[in-house]
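First to last, the sequence lines map onto chains R and H.
Residue 82 is where the first sequence starts when you use this note's numbering, and the numbers rise one by one after that.
Residue 6 is where the second sequence starts when you use this note's numbering, and the numbers rise one by one after that.
Calculated directly from the structure, the hints in this document are not laboratory data.
Note that the coordinates shown come from a computational prediction; the quantities given were computed from them, not determined experimentally.
There may be inaccurate statements among the hints.
List time: in silico EDC-like cross-link candidates among lysine to aspartate or glutamate, alpha-carbon distance up to 16 Å [claimed, not checked]:
#  : chain 1 : residue 1 : chain 2 : residue 2
1  : R       : Lys528    : R       : Glu514
2  : R       : Lys517    : H       : Glu37
3  : H       : Lys7      : R       : Asp311
4  : H       : Lys39     : R       : Asp520
5  : H       : Lys31     : R       : Asp520
6  : R       : Lys532    : R       : Asp513
7  : H       : Lys36     : R       : Asp311
8  : R       : Lys115    : H       : Glu37
9  : H       : Lys35     : R       : Asp520
10 : R       : Lys348    : H       : Glu37
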Amino acid sequence: MAKVRDSWGSRLGIIMAVAGSAIGLGNFLRFPAKVASNGGGAFMIPYFVSLFLLGIPLMWIEWTLGRYGGGFEHGTAPGIFHSIWQKNRFIKYFGVIGIFGPLVIFIYYTYIESWTLAYSFFSLMGKYAKLTDQAAMQSFLRGFQGLENNPYFHGLGLAYLFFLITFVLNIWVIYYGIKGGIEKLCKWAMPLLFICGFMLLLRVLTLGTPDLTKPAWNVLNGFGFLWNPDFSALKSAKVWLEAAGQIFFTLSVGIGVILTYASYLSKGDDVVLSGLTAASTNEIAEVILGGSIVIPAAFVFFGPVEIQSIARSGVFNLGFVTTPLVLNRLPLPEILGFLWFFLLFLAGITSSISLAQPAVAFLEDEFDIDRKKAVWIFAVISFILCQPAIFFLKNGVVDELDFWGGTFFLVVFATIETILFAWVFGMEKAWDEIHKGADMQVPRVYKFIIKYITPLFLFLIIGAWFWQEWLPIIFLKNVSAKNLPFIITTRIGLILVFLILAILVKLAWKRKRSIG
Amino acid sequence: MKILGWIFLIISWGALLGLTIFCFVKVFSKKELK
Chain R
82 MAKVRDSWGS
92 RLGIIMAVAG
102 SAIGLGNFLR
112 FPAKVASNGG
122 GAFMIPYFVS
132 LFLLGIPLMW
142 IEWTLGRYGG
152 GFEHGTAPGI
162 FHSIWQKNRF
172 IKYFGVIGIF
182 GPLVIFIYYT
192 YIESWTLAYS
202 FFSLMGKYAK
212 LTDQAAMQSF
222 LRGFQGLENN
232 PYFHGLGLAY
242 LFFLITFVLN
252 IWVIYYGIKG
262 GIEKLCKWAM
272 PLLFICGFML
282 LLRVLTLGTP
292 DLTKPAWNVL
302 NGFGFLWNPD
312 FSALKSAKVW
322 LEAAGQIFFT
332 LSVGIGVILT
342 YASYLSKGDD
352 VVLSGLTAAS
362 TNEIAEVILG
372 GSIVIPAAFV
382 FFGPVEIQSI
392 ARSGVFNLGF
402 VTTPLVLNRL
412 PLPEILGFLW
422 FFLLFLAGIT
432 SSISLAQPAV
442 AFLEDEFDID
452 RKKAVWIFAV
462 ISFILCQPAI
472 FFLKNGVVDE
482 LDFWGGTFFL
492 VVFATIETIL
502 FAWVFGMEKA
512 WDEIHKGADM
522 QVPRVYKFII
532 KYITPLFLFL
542 IIGAWFWQEW
552 LPIIFLKNVS
562 AKNLPFIITT
572 RIGLILVFLI
582 LAILVKLAWK
592 RKRSIG
Chain H
6 MKILGWIFLI
16 ISWGALLGLT
26 IFCFVKVFSK
36 KELK
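So that you can see chain R by itself, here it is in the shape it has in the complex (with noise of 0.2 Å):
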């Protein structure tokens, strides 16, 4: 008997699930602070021209590759890129990016994470409501990740704790499948989310000028500190980078997600309009809450002058130190500091379940595993590769893996599929399978933009970033000689792990061969 896959049960369901996988900690700190350090408004010129030559295109070509691949009962790049390019033997082993890259983020981002769940309790409970500046946060955190001892914790024995109830919860959500369990989380995580992220929104809106001895450091002007055009920015390639780069990380095209949440639709099903719907509402999430809550509430009490360092500090920093510090100057600041965390926590696992499931996807399809013995085997082996994350932090193991398994394969992957999709499946055939079932044209204009411009576009991104980001960081070059051993064995265990991986498609090809 044929096995039959999972599917969605509802369209908003695949919706929300794949904006739930888009919505992650960059939209609510990193979208802020890259818009107030590249030139305020001006700044979304170029995102907005990111957006609609590289981030929609994209989304719409995950979105149709997937369901293509559905269509083979692929649900993973392996396969998908197989069905697309089915004479060259070699095409699969280039989809193992899109398992590798999965797995890799999920192992360090299921650990920050459960930082978001712990500050959601730590909030409540008012453990950090005593503390008033910024080096008395920032030892609280350094001391909650076990990077040193402090009076606030001994040891990592709490932070272990809490990313084990996430890691449980990650793995009792992707138990349950895709309609039982994914979706069923994201249809009352992402209203919640949303609901959180207005409330804040509505509290910061109505901060008014708390200190009337400082009026200047007012809310209106914590909006114009990140919305006042600079267009002197617009002459620097940095800038133009920087948005594309955000575009890029916000709507979680290359990491091999979408590919395999679309392969669960039908034939018949349509992908442009879903798709478009889960790009603008994550959109929403990051420009309309995500560049309203921290820094317009930060410039109201820090003013001006600090406001600048702390769009700098980067994303943990005005997560997890800035934020909580803003939020206990005001009343209720344990549910204030509540909601914040827990939105943060919300898109954090509406994230995460999506990066558990193509691994799981790829034992099931190619392997015909049962659905829930697959979750355990992935439950295993991705608990054992957590703990580096975990365990030598302070070595730069999570920065490693981020560089690997966030940025670097993410703009690889996504070259490869632009180029299958566009220049191998053919841009006709492309387009007409873009539209099966659609319920909106897609403009004209995108067949040409999704053949030369998108293509285009990351192959500029890459050779920049190469030259500017990689290169040092490849060559080890900023390393210190104490952390270089750790570096080293990441790097070595991400190549077995990868290696690993081709191994599985070269034996789950010659199995399907075997059995005809």
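Once you've looked at the hints, dock chain H against the given chain R.
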């Protein structure tokens, strides 16, 4: 906040809200999954 800041904010928010409302109205008025 300067006038230009307001303009950028309103255009950005307006464009995204408009696009999202347009998409969801269409999603709810069209067919379900097969």
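Holds or violated: Lys532(R) and Asp513(R), Cα atoms, limit 16 Å.
14 Å, holds
Measure nothing beyond the straight line between the CA atoms of Lys115(R) and Glu37(H); if it is 16 Å or shorter, mark the hint as holding.
This hinted pair is violated, its Cα atoms lying about 38 Å apart.
Within a Cα-Cα threshold of 16 Å, do Lys36(H) and Asp311(R) meet the stated pairing?
Distance ~45 Å between Lys36(H) and Asp311(R) Cα, so the pair is violated.
Pair hint Lys39(H) and Asp520(R), alpha-carbon separation not exceeding 16 Å
13 Å, holds
Between Lys31(H) and Asp520(R), is the straight-line Cα distance small enough, at 16 Å or below?
8 Å, holds
Quick one, are Lys7(H) and Asp311(R) close enough, alpha carbons at most 16 Å?
At roughly 11 Å apart (the allowed maximum being 16 Å), Asp311(R) and Lys7(H) satisfy the hint.
For Lys348(R) and Glu37(H), compute the direct alpha-carbon distance and say whether it is at most 16 Å.
13 Å, holds
Tell me if the straight-line CA distance from Lys35(H) to Asp520(R) falls inside 16 Å.
At roughly 7 Å apart (the allowed maximum being 16 Å), Asp520(R) and Lys35(H) satisfy the hint.
Checking one constraint from the list: CA of Lys517(R) to CA of Glu37(H), max 16 Å. Satisfied?
15 Å, holds
Taking 16 Å as the top limit, are the C-alpha atoms of Lys528(R) and Glu514(R) close enough?
12 Å, holds
Hints 7 and 8 from the earlier list are contradicted by this structure; the remaining hints agree with it.
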